[in-house]
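Participant: With these hints in hand, go ahead and build the complete structure from the sequences.
Residue numbers (the numbering used here), protein chains in the order written: chain G, 4 to 584; chain D, 35 to 333; chain X, 137 to 522.
Check the hints yourself; a few may be wrong.
Stated by the list, open to error - Chain G is faced by these chain X residues, among others (derived, beta-carbon under 10 Å):
(1) Asp292
(2) Phe340
(3) Val344
(4) Ser348
Think of the hints as simulated: they come from the structure by calculation, not from any bench.
A virtual CB, placed ideally from N, CA and C, is assigned to each residue, including glycine.
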Amino acid sequence: MPERRVSPVAVSQTSTLVTKTGSWKYIRPLYQDRVAPCNAGCPVGIDIEGYMSLLREGRWDEARDLLLLENPLPATTGRVCHHPCETSCNRRQFDEPVSIHAVERMLGDYALEHPPSLTRAAERSEEVGIVGSGPAGLACAYHLARLGYGVTVFDAAPEPGGMLRLGIPEYRLPRRLLDGEIERIRALGVSFQCGVRIGQDVPWRSFLGLFDAVFVSTGAHLGKDLGLQKENVAGVRAGLAFLKAVNRGERPELGRRVVVVGGGNTAIDCARTAMRLGAETVVLYRRTSAEMPAIPDEIEEAEREGVQLVFLAAPVAFHAEDGRLRAVECVRMRLGDADASGRRRPIPVPDDRFTIEVDTVLSAIGENADLAGLPPELAVQESGVAADALGTTSRAGVFAGGDVTNAARTVADALGAGKRAAVGIDRYLRRLSDDGPNGTGLPALRFGNGNISMARWRDADPVHRINALNELVEFDDLNTSHFRRVRRRRDDRLSLAESRGGFAEVNLGLDHEDAVSEALRCFNCGVCNHCDLCLIFCPDVAISRRANGGGYDIALEYCKGCGVCAEECPRGALTLTREGL
Amino acid sequence: MSQVMIADRVPTHELMTSGHLACPGCAAPLAMRLVLKALGPQTIVVMPASCWSIIAGPWPQSSLKVPLYHTAFETGAATASGVRAALDMQGDRDTTVMVWAGDGGTFDIGLQALSGAAERNEDILYCCYDNEAYMNTGVQRSSATPRGAWTSTTPASHPEASAKKDIVAVLAAHHIPYIATATVAYPVDLLEKVKKAKAIRGTRFLHILSPCPPGWKFPDEATIELARMAVACRVFPLLEIEDGVRWRFTMDDDTTEPLQPYLRCQGRFAHLTDEQIAQFQSDVTARWKWIERQVAASE
Amino acid sequence: MKKVIIGNHAVSWGARLARAEVISAYPITPQTQVVEELSEMCADGRLDARFLKVESEHSAMAACIGASATGARAFTATSSHGLALMHEMLHWAAGGRHPIVMANINRALGPGWNIWTDQTDSLSQRDTGWVQLYCETNQEVLDTTIMAFRLAETVDLPVMIVLDAFYLSHTAEPVDIPDQDAVDAFLPRRQARFKLDVSDPHAFGALVRPDSYMEMRLQLQEAMERTRDVFDRVEVEWQQRFGRRYGAVEAYRADDAELLLVTSGTITSTARFVVDRRRERNEAVGLVKVKMFRPFPVERLRALLGGARQVAVLDRNLSPGRGGIFSEETRAALYDLPEETRPAIHGYVVGLGGRDVTPTVLDEIIDRTRASAVPEREDVWVGVNP
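Facilitator: This is the structure:
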């Protein structure tokens with residue numbers, strides 16, 4: 004019998020793949036990564052989402068290397084940073100933010116225990132001098148060294164570290180960790196010249212002639228006066244000077260009662276340190292706890308240790324006896340309208356006064372940069388050196404960053420400024436324009452509107468994001484149905500008795516297992532982590548894994564454009580666009 | 035772990051192909067795809083008339099990589115009984131015979147054959163993907179249509195007057211070894227139930243809620259969300275029933291979401307007044323409580 | 137081996153000797169003994185088959201379809217309302233080209249309830265695509281049941297064996313029961329042309345669009361046309377092995393007959409007696425028995441009936457508004473004969489709902505036919521009380 008076109012019964016001979024249902028669609032899915040808010044919110048510009056993603060897969064060394072690509076001091080920042088990443092963490096709106104600082108701390112410690120061999124770009128002939136070895140100077144030195152430059156860091160103090168070493172109490176940052184992290188920088192070829200005050204021991208003019216570029220990061224060390232009479236009576240001291248003395252190993256006599264004036268980290272550090280020296284300690288702050296700029300965890304710890312916090316109060320007079328402070332008279336405050344900082348302005352309630360008997364007052368209402376010690380002809384703005392985002396100052400070849408500029412005075416901001424200045428110096432020395440090769444314009448380097456990525460500057464992104472868009476992922480872009488509520492792990496703390504009794508580190512971080520489970524709580528906002536949900540939920544079998552593990556392919560000739568994949572993507576790594584656009 | 039990392043728990047092999055003719059966002063092909071992932075290639079599908087008669091592709095195509103027999107509307111369970119009998123005679127006890135039927139073919143026209151097969155405890159897996167009306171013919175009501183719903187035969191001025199038939203209770207009364215409910219929103223739960231069913235001999239019944247964008251009138255992309263909401267607001271409890279007497283919930287938390295958002299995002303319920311929604315809620319609550327009593331009696 | 141068995145058990149024996157693998161049935165008088173006997177055979181191991189006691193005839197046929205689609209030899213039996221309930225699935229079986237064999241015990245349809253013989257049930261299914269073979273004796277029932285499987289599996293069409301309620305179904309006759317080995321040699325295991333097979337997966341019965349549906353139906357029609365010759369070959373082989381054959385159409389004392397009776401089923405036996413008596417009186421009366429109704433043996437009937445002066449067709453059935461179905465089919469078959477050889481066709485509706493068709497009734501039919509050169513009307517109802 005001749006072969007017929009039509010079989011005698013309706014028996015299939017082929018699959019439905021002959022029907023290209025992709026022609027039905029009027030919207031199409033776009034598979035592209037976006038920016039997690041933690042990355043955008045990190046002043047250092049750390050690829051937090053990236054290392055969380057690597058940790059999820061157990062790729063520890065890669066996670067460490069990615070972290071070190073952006074941050075030279077993770078063991079330090081994991082302890083002392085005010086972690087705005089956690090403030091911007093989308094998970095905050097779901098249950099509690101990921102304990103990013105604890106994961107960073109664990110990775111930072113891991114990096115000290117398992118030192119990486121840090122990659123360096125090809126060696127360059129230019130030499131850069133850095134004045135000030137605080138976080139800004141260290142970051143700039145580190146990144147420049149990794150970019151191939153010769154770097155020498157100068158500091159007036161006997162050891163490098165700046166405020167990290169001078170100002171931050173040992174119970175928050177054990178010095179062996181800071182030493183270890185500085186050692187890692189030294190190992191990159193950076194040389195340190197300590198005990199040298201540039202501008203005094205070496206004139207600026209001759210100093211500037213020694214280097215192809217200079218980075219000024221001398222910090223802010225001058226305590227602000229309270230502006231009250233008898234401020235120089237015995238018993239009234241600058242808080243920062245007190246901390247420096249303790250950090251040098253001195254144990255100043257404070258008497259029985261100490262009042263700390265201020266609400267920032269210096270104030271809390273002073274209070275907790277004074278308490279460790281045996282004093283009853285009160286912190287006086289003119290606003291309420293809501294406006295207090297100190298790190299909330301630190302405030303909580305201070306209270307736990309017995310520091311008394313008095314809000315809406317400010318000192319108005321010191322009462323001395325025999326040339327020695329006896330009491331501080333205070334006025335009650337109330338909050339008025341918001342001021343320029345966005346915080347509500349404190350207004351004295353004139354007749355509402357009270358007096359606290361006191362032996363020592365530590366004033367911690369802020370520090371000023373020593374502008375007199377700066378290189379000549381450097382333009383100043385407000386109370387700091389005028390510098391742009393990449394640290395460029397009014398003098399060619401001179402860059403500045405950290406507390407000496409008008410930037411926010413945090414360790415993270417200083418590290419970020421140092422990194423940006425390293426890029427600025429690199430660009431200056433290599434005479435690159437704003438939009439030079441490799442898309443080196445600043446916006447392209449930023450995580451969203453956050454800090455810049457050294458990975459992008461070095462064109463060495465090890466995360467290989469897919470068609471990355473520099474667009475922030477908001478909470479509403481996520482599909483949280485795929486997440487379960489899991490409590491954030493609390494850092495372990497030293498017992499109260501041990502905390503009060505000395506300068507041992509109080510915050511013990513998370514144990515290894517809990518730190519890993521925190522990493523697993525990460526939503527990986529905006530970045531595909533190959534969870535397969537798009538593939539699993541595709542009603543049209545149109546999504547498949549790429550053979551090399553690099554994400555997914557969408558078969559647009561079959562995709563009907565239902566949008567389920569984008570709707571169900573837990574992390575906003577899939578979006579929809581009108582067909583034909 | 036905070037994320038449901040299901041990649042490792044869903045088999046990667048595909049026994050269904052693209053190019054099938056389901057509407058965009060239809061849950062029915064997804065349900066089939068997941069079920070076949072759990073069953074594997076040693077499966078024969080018997081399919082009475084339903085949307086899937088079209089989704090499977092016109093001759094000479096097939097969207098399935100397993101044998102498929104299209105049969106008449108009311109005959110799913112009976113035809114499958116015959117397939118099973120033939121396999122038994124060939125000494126093949128391993129191939130799974132699966133009926134894949136819609137709610138019309140299960141709750142209505144196919145109920146007699148299903149009841150017969152269940153009573154005989156035929157060794158078949160009967161899957162009902164339930165889109166709560168005759169969708170293939172243009173959204174006419176079935177006995178799976180919820181009270182209050184618009185369909186093309188229950189206009190909004192006189193919406194569906196009867197409560198949805200409690201099909202799992204009907205099947206439970208047959209004392210078959212295994213009954214489960216599932217949705218596409220919880221793929222791992224679905225797969226686990228299918229795997230469990232696969233290992234059991236006798237009649238197994240799987241009731242899969244399958245949201246239908248054009249029939250329920252919601253945007254295509256919301257299919258999974260609708261299935262999830264149906265579970266969360268207890269309209270579609272996830273259950274297992276063994277031997278018709280051992281009932282248990284399979285949801286991992288017992289929080290309940292309000293019914294209102296589930297109903298309000300579907301055009302078929304757009305006409306409902308707050309009082310009618312309250313009535314709906316009391317239907318849902320009453321059934322939930324009844325199931326709770328079955329569960330309690332099982333413990 | 138000879139046994140005295142009722143017609144229903146002859147069916148059961150046929151299915152057993154044919155080694156049916158899946159049997160699916162639902163009880164209905166007067167069929168019930170067929171499946172009762174088969175269930176005994178399955179229970180005591182004389183027949184290795186899965187017996188599905190389903191909940192309706194519709195499901196019985198659906199289960200046979202499922203089994204047949206999976207490559208098994210499937211069998212069922214029914215009657216009257218049961219057959220009517222199967223109607224949809226009869227189309228499905230034929231359209232799917234499933235070689236299912238079914239026995240139908242002719243019974244009248246209600247209302248009012250009537251359990252006695254009447255061919256209207258099976259003839260109502262003439263357009264479903266089933267081969268229909270009508271039987272006259274219990275031996276023919278058994279032989280036809282076995283041959284039906286061979287025929288069905290050769291042409292990929294379902295086959296219906298039809299026998300009269302009570303006159304055959306419940307009447308015991310001596311039947312020669314062939315040896316199993318001999319039947320096995322005649323009817324080997326089924327080799328399905330298409331089947332549900334996980335190692336070669338295909339979909340069966342999907343949507344077929346207008347561009348292909350006719351081509352499939354044409355092949356169904358061609359298979360039906362082929363069935364006439366295939367049946368002859370099957371019967372020839374049966375005769376070689378077992379010494380019996382029946383013919384799609386049988387002529388009895390038809391040579392030179394001026395009047396030929398056309399019969400089917402058990403009326404044929406009565407008609408043989410009457411024809412013999414008329415021949416003894418030298419009356420040129422003969423008989424043509426139609427065994428095969430679908431496909432209708434058009435050429436055979438033209439050859440046998442062409443040249444007779446008169447033909448009287450006996451119909452124990454009724455298509456209301458038209459009349460006897462065999463007479464209509466016969467008229468249509470002979471219409472193309474040249475006028476000089478074309479007989480006058482007299483249709484008689486007899487024996488509906490089990491009414492006895494006695495020699496007296498047949499004599500009346502012969503006499504009335506010979507008395508009128510042209511038919512009195514298209515269909516004459518005989519034996520109807522006023």
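Participant: For the hint on aspartate 292(X), does the least C-beta distance to chain G fall short of 10 Å?
Facilitator: holds (7 Å)
Participant: Hold the hint about serine 348(X) up to the distance rule: shortest CB distance to chain G must be less than 10 Å.
Facilitator: Because about 5 Å separates serine 348(X) from the closest Cβ in chain G, which is inside the 10 Å limit, the hint holds.
Participant: Can you verify the interface hint for phenylalanine 340(X): is its Cβ closer than 10 Å to any Cβ in chain G?
Facilitator: Phenylalanine 340(X) check passes; min Cβ-Cβ to chain G is 6 Å, inside 10 Å.
Participant: Under 10 Å is the threshold here; is the Cβ of valine 344(X) close enough to any Cβ of chain G for the hint to stand?
Facilitator: This hint holds: valine 344(X) lies near chain G, its Cβ roughly 5 Å from the closest one there, short of 10 Å.
Hint compliance for this structure: every hint is met.
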